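Residue numbers (the working numbering), protein chains in the order written: chain R, 1 to 645; chain E, 646 to 1079.
The set of hints was computed from the structure by calculation and includes no laboratory data.
Bear in mind the structure is a predicted one, so any value in this text is a computation, not a measurement.
Certain hints may be false.
[Stated by the list, open to error] Listed next, the in silico EDC-like pairs over lysine to aspartate or glutamate satisfying Cα-Cα at most 20 Å (straight line): (1) E:K828 <-> R:E475; (2) E:K828 <-> R:D345; (3) E:K828 <-> R:D508; (4) R:K386 <-> R:D345; (5) E:K828 <-> R:D477; (6) E:K828 <-> R:E479; (7) R:K444 <-> R:D508; (8) R:K386 <-> R:D310; (9) R:K492 <-> E:D831.
[To be verified] Stretch by stretch, here's where chain E covers chain R in the computed footprint (C-beta under 8 Å, at least three residues): (10) 407 to 414; (11) 537 to 545; (12) 619 to 632.
Even for Gly, the Cβ is constructed at its ideal location relative to N, Cα and C.
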Amino acid sequence: MLANYLIGLREGLEASLVVTILVAYLVRAGHGDRLRPVWAGVLAAVAVSLGFGALLSFTSSSLSFQSQEAFGGVLSIVAVGFVTWMIFWMRRTARSLSTELRERVDAALSLGAGALALTAFLAVGREGLETSLFIWSAVQSTGEGVQPVVGATLGLLTAVALGYLFYRGALRINLSRFFTWTGAALIVVAGGVLAYGVHDLQEAGLLPGLDALAFDISGAVPADSWYGTLLRGTLNLTPQTTWLQATVWLLYVVPVSVIFLRPAPARAAVRAATAVLAGIGLSACSSPASVTSATGSGEAPARVVVTATDTACTPSSARLTAGTVTLRLKNIGSRVNELYVLRADGSIAGERENVGPGTSAELTVDMPAGSYTLQCKPGMSGDGIKAAVTATAAGSTAARAADPRLEQAATAYRAYVLAEARRSLAGATQLRDAIKAGDAARSKALYATSRIGWERIEPVAESFGDLDPRIDLREADLEAGQTWTGWHVIEKGLFAGGGTTGLQPVADRLVTDLAELVRRVPEAQVTAVTMANGAKELLDEVSHTKVTGEEEAFSHTDLVDIQANVEGARQIVTLLTPVLTGAAPDLVPQLESTLTQLQGVLDEHRASGAFPSYTTLAPAERRTLSDAVDAASEPLSRLTAAIAS
Amino acid sequence: MNAPPWTAGSAGSAGSAGTSRRAALGLFGGLVGGAVAGGGAAAWAVRTGDGEPAATAGTPVPFHGDHQAGIATAVQDRLHMAAFDLRTTGDAGADRAALIRLLRRWTAAAERMTRGLETVEGGAIPAVADAPPEDTGEALALPPARLTLTLGLGGSLFEHDGRDRLGLRSRRPAALADLPRFKGDDLDAARSGGDLVVQACADDPQVAVHAVRNLARIATGTAAVRWSQLGFGRTSSTTPAEQTPRNLFGFKDGTANIAGDDAEALGRHVWVGAGDDPAAGWMTGGSYLVARRIAMRVESWDRTSLREQEDVTGRHKLSGAPLGATAEHDMVRVGALPATSHVALAHPDSNGGHRILRRGYSYVDGSDGLGHLDAGLFFLAFCRDPRTQYVPLQTRLARSDAMAEYLTHTASGLYAVPPGVGPGEYWAQPLLEA
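Given only the sequences and the hints, what does the whole structure look like? Please build it.
This is the structure we're talking about:
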């Protein structure tokens, strides 16, 4: 609440001061009746600011970040120019007034009336737009509480009140002192405007030297303290000031002060000074904050909420869709916050300042694909808190799939899957025949080999969610009331029950289900990405249930399964290698060496011909196998990213 | 020479319009003062209205109350949980009396330890050096650290291998029926169950360990430790204003949990109501604790892509926002999530509106012997009736959850948590003294 109050106070104070000086001057010159142009200018500025601010907050019309900085810059150049003109006009007419030549006063005033109105309009309007945007964002956040609006309004009222008090004080003091002090105040104010505008141009990248600080007193004078606020509101003094800012400030204030304080300068000199200022004044005003940008592309922008506290800056997602992105900074902390979107090279892609506590504000930024950093600055100073985000083009994987080599790989893999499914079907058919014949020994031998084709393509088979439980369900995975079918029923019967009794219907069912698998292979989703994922999943299978010996709880033929899983993974790698060699050349030798080592460990176990029962593996041997599986799993896990990037 | 017109003007006007100007000034001054005062007061009010902070390390969590502490209490950092098996002699009366004696001594010790005191006055350093200390001493001079001790009673207390050892079988709550076997369970019986269980939670692990250890010491001869579990890392929060903690999968866990100060939700989903089980009225104001030791295959998970992790969980990893939403606490629309994602299946909207109060901890207990960490989630949940709130939920998750591929339940326990203890009473007194 306090922070929003201070924002309102700060925004209102500067405009209040300028208007106060104008009004005080006119009253003391005995021309209180000429206040109308000033009030007209002020009211017009308020109305335009509120209206424009509402328009920007509630619709999506826009300017790009660069354009809005330039627009603000032009506005400020003109404002500084007019304020400077006003300073010297006051001085000039004061001299005229002192000779009591009312005609000259009237003449001067008549020249000045329009200019007075315009000066008032610009002074208020400059601050007015930024204030208006802040007010509207606070109003939009009233769903989150009325406090921000109340706080800011109180701040504005206080600024008006302080202006009035200053006015009262200005009326009482000695006249010459009045001129001197108000003129000096305006010079300092204008200098501050110029310097702050320079800073914004540095942020926009149009001027260099953003990080070269002349001084940094933000420790002693935090931007969101009341004294920091008053300094900022009156002098535009920011606790962190760059060298360019300081230089420009001096270049303006010193010559103008000298000219102002010297007696009776020539008109030409005054005009020259003003012209020089207009020329120098590359100041952009404190930027009127971001405006929501046009959705001209026709597609909905990605929306990301950045939740900011006093110590954290958390986007709702680290991945954005590249293009026109709408970011919403939601400030749930207690300090005023601002959000910067920085490109990978550190340049600013967009910013939104002045987001008070309890309010939210939107910012739309063009974010082509790439890495970005979001930077929240509680207190609007310091390095803030950063969060990395990435913008990726929508449908990039689709674009990648169009790569003909990946299409070829997928086609070749589908053929492999079909061949292996058929291999298992053939093996299961033989198994069924052996069971029918009551040949337990032969059935046992055929059990493991019939599974080879299935184990090579297991992830694809599993993608048919309904087939896998029918074919390969382990007893441990049974649910209460579920009928147990598939290979492991046969396994238990053959290796634990010791016979083929009662297994015939199960074997028939298995053959039917595998035939269904063969039929449905063409409709399986086989793409390069699913292949890459599948290779990782094959070794995950080994790591989860086979290296522990849980898969083949009765037959202990886990090594046969593992061999098949590894072969399946290797086949995928072989088919994807042409693409990998280009996309991720470092990955290929890692895959090669780890898979070869894994195969070597397996080969050691079948040195004498066939794979032994898994129970014969000592814990140390299981450990060796597990380590080799893990080593190969690591590069396999990077396959998908390598072909999809 | 005349005075300049304006000086005359201002002097003149100061006189006649002086009163009105002063009044105007006074009015403005009042407005300004009011604005500043109002703004300041409002700011101050906002600051102090931010909600009660949790008890600090020096403030004990009260042991006595209508409900046991350690359920709705703000989740502490560490867990030490231990289950005990009673040593019974076959004489139901004697065994029951022994249990009552044990619970009396446990209650007295717990009431002191939760205040940061020794189990008995001067327990750590006995006056007689020849006597073993009654308090083991490693918590001497440590602050209470928000220690809570919560007692649960296992089904085996009421009926063990078909025998009614303590004469309590008739008072067993219907909701304490044994959990069924869920798909994929790989339960280690030695780590499951138990006649009694004590949950010690504290911000200091030494305090939590000290508490359980001393209760075990007191129980020597009457009950022995069956299993014990240390937990670090809260994986659920009962204080939504704080940042949601992350589990070992790196995801925020407990976003949609029941808040500890949500009396309405607690009354509906956690505390046993007076009419819930007429045969077990002693449970009114208590709750049921489901403890599941869930091993997580972190190595496989860590090799899984971020996209897959988020699809399996159903939330964005960084922000905790449900997929398709933008902020962590945005309403979950189950229809917008992948059908097999964890959140889609576990959300109350998919479970008939049933909610449970989760209060689990991460654990890492060495290695599995195959080069992997034995890491996981020690899942703890309190609910009013596990038959309707937990069993259907876990059945659905075990059957369909994409996350189940990375999980294995390796131990299980279901316990009846009696209501709170009043001054002068002992734990589970209403059960044992009908």
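Comparing the hints with the structure gives:
| no. | hint | verdict |
| --- | --- | --- |
| 1 | E:K828 <-> R:E475 | holds (10 Å) |
| 2 | E:K828 <-> R:D345 | violated (52 Å) |
| 3 | E:K828 <-> R:D508 | violated (26 Å) |
| 4 | R:K386 <-> R:D345 | holds (14 Å) |
| 5 | E:K828 <-> R:D477 | holds (5 Å) |
| 6 | E:K828 <-> R:E479 | holds (5 Å) |
| 7 | R:K444 <-> R:D508 | holds (16 Å) |
| 8 | R:K386 <-> R:D310 | holds (12 Å) |
| 9 | R:K492 <-> E:D831 | holds (18 Å) |
| 10 | 407 to 414 | violated (count 0) |
| 11 | 537 to 545 | holds (count 3) |
| 12 | 619 to 632 | holds (count 6) |
In summary, the numbered hints that this structure violates are 2, 3 and 10.
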